[in-house]
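Asker: The primary structure of each chain is shown beneath.
Protein chains: 2
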Amino acid sequence: MKACVITIGNEILKGKTVNTNAAEIGRMLYFAGYDVHRGISVPDIKEEIGNAFRSLVGLCDVIVSSGGLGPTFDDITVSSFADEFKIPIVVDAEIYKTIKARIEKRGVEMTKEREKMALVPKGSTVIRNVEGTAPGIEYHLQSTKIFILPGVPSEMRSMLKHIENRIKLSNSFYFEDSVLVTGIYEASLAPYITELMEEYNGKIYIKSHPMLKGGEESEIEVEVSAKSEKLESSKALVTEVLRKISKIETQLKSR
Amino acid sequence: MKACVITIGNEILKGKTVNTNAAEIGRMLYFAGYDVHRGISVPDIKEEIGNAFRSLVGLCDVIVSSGGLGPTFDDITVSSFADEFKIPIVVDAEIYKTIKARIEKRGVEMTKEREKMALVPKGSTVIRNVEGTAPGIEYHLQSTKIFILPGVPSEMRSMLKHIENRIKLSNSFYFEDSVLVTGIYEASLAPYITELMEEYNGKIYIKSHPMLKGGEESEIEVEVSAKSEKLESSKALVTEVLRKISKIETQLKSR
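Keeping their order, the protein sequence lines are chains H and D.
In terms of this note's numbering, the first sequence has 35 at position 35, counting the first letter as 1, and numbering is strictly consecutive.
In terms of this note's numbering, the second sequence has 61 at position 61, counting the first letter as 1, and numbering is strictly consecutive.
Next comes chain H alone, as it looks inside the complex (with noise of 0.2 angstroms):
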């Protein structure tokens, strides 16, 4: 099963703002079993919001967005992916009462802004916010399951065990676990790896993560993940490869 990550806000795209939603939804849709096929960036223009939903409705199980949800003028993303797939718009009942005793407590003005935060696609499903005020919004479109979160990070955050649940595939589990080895450039390391990877034909996968020193190669991490049905077997693939590979590293060090 697929799953893709859309983030939205210019402030990523120009980096002024390192992109941890992308990484912490990730994290989360990987353990939950899905393959993370693709992550967008796209600034805050409705057309390029529509484009990269567009892109990926159908072709993922599952799509998580982060970003765009609040008061400003540039918070776009209900509007930008109703309209893209010509979904009316609707107030939801219960976010706009939430949203009225909020600033009533605080004595604000109900603006078109705070409004505009109980607006979702009609037929959505409204995930709380316990950390802010805009909710995020569960949506299924042809075979996609979708998620829209805010961009705020506490807020997504607080969403994501949500979803988890929502999502979790119970026949797909991944492991994953890692090795330092030292004294070995990647390189000659390499060869070794593709045998196993051969071995284990797609059954585990295996990366190298060279860590430099001054620019030299002191050591390598290398992780080893496998995907199975149960967490179980994944472990134990995880284990005897790993073992493998120590088994490699003194191999190559006694030459």
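Calculated from the structure, these hints are not laboratory results.
Treat the hints loosely; a few may be bogus.
Identical copies go unnamed one by one, so any copy, or any two together, can satisfy a pair.
As the list claims (entries may be wrong) - In the DSSO-like style, the derived pairs of lysine-lysine whose C-alpha atoms are separated by at most 30 angstroms in a straight line are:
| id | residue 1 | residue 2 |
| --- | --- | --- |
| 1 | Lys16 | Lys161 |
| 2 | Lys2 | Lys235 |
| 3 | Lys105 | Lys207 |
| 4 | Lys247 | Lys112 |
| 5 | Lys2 | Lys86 |
The hints should help you fit chain D onto chain H, whose structure is shown.
Answerer: Showing chain D alone in chain H's frame:
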């Protein structure tokens, strides 16, 4: 002029690695005068890498990618890009010599994994890697300048200045600055920002970033950016608008 960023690597999609490369590349492109238009992250899968380039060539004036240039089996950016556009792959004699000298100094063997790092699409200009082995690549396709960089941050970073010098626009200067607004909700400030944006009719961009403390807005960073043909004009515009925002803050507070 539009610029796009492609980041390649499973570790980014599954959130093991936070995508700082995309932010650093985006920052460079922005201050070189470009609108950063789209960011795409793809896993180490040939078709996905090819698709990402395909979807942006012709659409963007500049594409910068990072990742997938190392020695391991899944470092496949060069071949994925070249095969997608049917460009032959050739050995770069200069790079081959550098790699050979390097491994002889280290007393390790020339393997096909090391040789791979000297392969480039025919017609490329090579960008020297002063921090590691795999070179960067500059390739022009249709109207698009493509820069293919390594994913190791220090290596990627060492090439950014070179690229900036190659692509910097001489008639497009972004400038940005921000002011902290306290004691006003983002949604209360929002209509004034919309008004200012309308007054300046596309010449400036204002973005508010609420800072949260215990789930409540404590202050708002209001960022103003402007792009014009002269850096001085962009600066002057931003300063003028920031002054107006401070005035609005004072007015709202005195109510």
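Asker: Each hint: holds or not?
Answerer: Here is how each hint holds up against the structure:
{"no.": "1", "hint": "Lys16 to Lys161", "in the structure": "both (27 angstroms within a copy, 18 angstroms between copies)"}
{"no.": "2", "hint": "Lys2 to Lys235", "in the structure": "within (22 angstroms within a copy, 45 angstroms between copies)"}
{"no.": "3", "hint": "Lys105 to Lys207", "in the structure": "between (53 angstroms within a copy, 27 angstroms between copies)"}
{"no.": "4", "hint": "Lys247 to Lys112", "in the structure": "between (65 angstroms within a copy, 23 angstroms between copies)"}
{"no.": "5", "hint": "Lys2 to Lys86", "in the structure": "both (25 angstroms within a copy, 28 angstroms between copies)"}
Of the numbered hints listed earlier, not one is contradicted by the structure.
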